[in-house]
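For reference, the chains in residue letters:
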Amino acid sequence: MSSDLGSTDAIQRAFRERGYIAERSLATAVFLGLQLGRPLLLEGEAGVGKTELAKVLAASLEAPLIRLQCYEGLDVNTAVYEWNYPRQMLEIRLLEARGAAGQANAHDIFGAEFLIKRPLLQALESPGGIAPVLLIDEIDRADEEFEAYLLEILSDFQVTIPEIGTVRADKPPRVILTSNRTREVHDALKRRCLYHWIDFPTAEKEREIVLTRLPAAPAKLARQVVDFVHRLRAADLTKVPGIAETLDWAAALMALGAAELSETIVDETLGVVLKYEEDIRHVKGPAARSYLAEVAGGAVGGAAAGT
Amino acid sequence: MIRPPAAVDGRRLVAQSAAFGRALRRAGLGVDLGAEIDFARALQVVDIGDRDEVRDAGAAVFVRRRDDRPTYDDVFDRFWRARHRLPPEVQPGDLQPVDQAEAGEPEPGDAALLGDERRAELDDQLRALLPSDEGETEGEADDELVISPDAYSHSEVLRHLEFDRMTPSELRDAERLVDLLEPRLELRRTRRYELHQHGRRLAARAMFRRSLSSGGEIVSWVWQRQRRRPRPIVVICDISGSMERHSRLLLRFIQALSASSAVRTESFVFGTRLTRVTRILRDRDRDRALNRVSEAVNDWAGGTRIGESFREFNLRWARRTLRSSGIVIVVSDGWDRGDPGLVAAETSRLRRSCHRLVWLNPLAGTPGYQPLAAGMRAAYPYIDDFLPAGSVASLERLGEILAGVRAGDVDRSREAAAHVAADGGASAASEAAIAAPRVVSGPSRDPEAAEPLRRA
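Chain order of the listed sequences is S and L.
Just so we're aligned, residue 1 is where the first sequence starts under the numbering used here, counting upward by one.
Just so we're aligned, residue 1 is where the second sequence starts under the numbering used here, counting upward by one.
Bear in mind the hints are in silico, worked out from the structure with no lab data behind them.
Where a beta carbon is used, it is the ideal one built from N, C-alpha and C, also for glycine.
It cannot be assumed that every hint is accurate.
[To be verified] In silico contact screen, one side only, chain L against chain S (beta carbon under 8 Å); selected entries:
1) Ala-42
2) Val-45
3) Val-46
4) Asp-56
5) Ala-57
6) Ala-59
7) Ala-60
8) Val-61
9) Val-63
10) Arg-66
11) Arg-192
12) Ala-204
13) Phe-208
[Unchecked claim] Per the computed footprint, the stretches of chain S lying under chain L, defined by three or more beta-carbons under 8 Å from a beta-carbon of chain L, are:
14) 20 to 30
15) 34 to 44
16) 63 to 77
17) 194 to 204
Using the sequences provided together with the hints, build the complete structure.
The structure is reproduced here in structure tokens:
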């Protein structure tokens, strides 16, 4: 059964059942996106669960998830549709063989059966009566040309194919766009979307996420890992660890059989959390030791953020 | 799924939504009519008695970039406090001022809405904090202006005024620079293709298309090649004391370049702190733009902090402005009050995130110049091209670099490495080797690199 997503609370509940702990403001944004039929643009640091949200939404709605990963040079032929040239070529030969080539017109070879549907066109169809969830991932990686193309699709949920005409969605897809802000998304595109900035969760929320995702994790380890990561986020780093890194780290420590953080194990596994050499050098050793002391003393996050 | 709106007067919601939108717009958010309508619709589906939910709903609709959120929260608090925290639908008097405002008297109407004399104060604060919304639709990041309200005195105002005055000869230099460079900017291949008769890749689609007119028989080849675009240029100008004049020339140049061609340009100025001035420089009135740059920057008297400024750039701006491997031009004399270690680390990072790092130094034109200033010495090993600023010869040399004439034939950073080797700084050279594995430690100075020095 697909879940009822008729209120902010219902969305939070449905997401939680599927292992996604959403802040209330995020749930409100999703709720409004569903109610108003608007695409939702999510921004935030890498690893805060932007992509994951689309997956959970699709699962909650029991709708298919169609994902379009953006990159520079992404064009209409890979994102929307393409003509099946070999088949068209064969068709012409067949018509010729039947001696009918003279009467053939463009419609015969530019029909729907020669069309290869790419993600954006697929998203306009709703097989089984359920509109799909369309995830346009990392829109900031695509170039301006592609963004401009998205405008038509996102405002009217339609695509114009010159040879066929306009394809309109019978049920508008639920659209989630994500961006890591490597560049600013154009205002025209933003205007068509609802917007939400996903922040790093509080220590309490993050602990909940770790325990939801890794039920086998010892409570003490989960608390220490989360507090340590929170301490890292407050430090002056090139790239702060996201929730994904917290989860990876906790899983790594469990795999190593650690029940709690210690100096050696932190130094050995720091590469799971920090991905820049400068950052590792900055943290390893004395800094890590002082963070560890704070974490062990419960000075960070834990008690304070828990209240 | 939408709850029956019977209990709520739709027209009143729209009016209130519009009033709130207007308050946000006055605070500097880019709110349009569509967002106001969306908010009215949102109020029909969320729990209107739940203040936080209304706040979140409004944020999803009105806020379009993260930096706008604090402003939004501020306006939200003031707006609904002025309404005595009553849910919107039970405010009988509200419609009155809103309608007035819509009839074309925004000032009195809105004054009534915000309700107290602090409105004017708020407005002033907000106006001071936010850039004007000219050209807002261009869709670039525009809001990261760092302006500190402190540190302002009369003598500084005088300095500001000098900043935007240029002698005719300086203007000519700037124009000349643009004329010199614009047609020759280095092009970078993008990942998009265009049909071109000298392309090297078959354009299958276009070929098939054309073959249809000959009954499916392919009669001619169609080729495509990668489209090219100029690399983005980022200028980081030191505007402290003696550097002012040189920076001004470069800013003039960036102004002209961004106005006249398709090159993406970004400009920053720094003294003790980095300030982004890209937006300001887009003003069509170029003198006014430079004037505003000087107004925007309040840290004139504070000396130079290269390390911190570069750090700020690396953390906040590098990923957003250098994405497609841009060229960074730094204008500074390298006199730095901060920690040389930080300058070295941050310059090294800056260099790794751009295509080419060019440093213009006005002192470098002096015969026998050695980079002895602490900051300059620290940054030196990581610079691709080190040029004297302010002479025609150096501008021509800059032209060559931007045109990419030598990007292919000289290994990157070889010049700098050569300088260091000549300098006799063994430790600095080894640092360079760590930072840049591609360094070829040339035994002598690159003769071409030295040439502008002699001409100047």
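In terms of beta carbon proximity below 8 Å, does the segment 20 to 30 of chain S have 3 or more residues touching chain L? holds (count 4)
Restraint outcome when Ala-59 of chain L is required to lie within 8 Å of chain S by C-beta distance: This hint holds: Ala-59 of chain L lies near chain S, its Cβ roughly 7 Å from the closest one there, short of 8 Å.
How about Val-63 of chain L: closest beta carbon in chain S under 8 Å, or not? holds (6 Å)
How does the segment 34 to 44 of chain S fare against chain L when you require at least three residues with a CB closer than 8 Å, holds or violated? holds (count 6)
Residue count check for the segment 63 to 77 of chain S against chain L: does it reach three with CB-CB under 8 Å? Check passed, 5 qualifying residues.
Does the nearest C-beta of chain S fall within a distance shorter than 8 Å of the C-beta of Arg-192 of chain L? holds (5 Å)
With a cut-off of 8 Å on the beta carbons, see whether Arg-66 of chain L makes it to chain S. holds (4 Å)
Have a go at the Ala-42 of chain L hint: is there a Cβ in chain S nearer than 8 Å to its own Cβ? Result: holds, 5 Å to nearest chain S Cβ.
Per the CB criterion, is Val-46 of chain L less than 8 Å away from chain S? holds (7 Å)
Hold the hint about Phe-208 of chain L up to the distance rule: shortest CB distance to chain S must be less than 8 Å. It holds, given that the least Cβ distance between Phe-208 of chain L and chain S is near 5 Å, below 8 Å.
Hint check: 8 Å Cβ-Cβ cutoff, Ala-60 of chain L to chain S: It holds, given that the least Cβ distance between Ala-60 of chain L and chain S is near 4 Å, below 8 Å.
Min Cβ distance, Ala-204 of chain L to chain S: is it shorter than 8 Å? Interface hint status for Ala-204 of chain L: holds (7 Å vs cutoff 8 Å).
Consistency note: the structure conflicts with none of the earlier hints.
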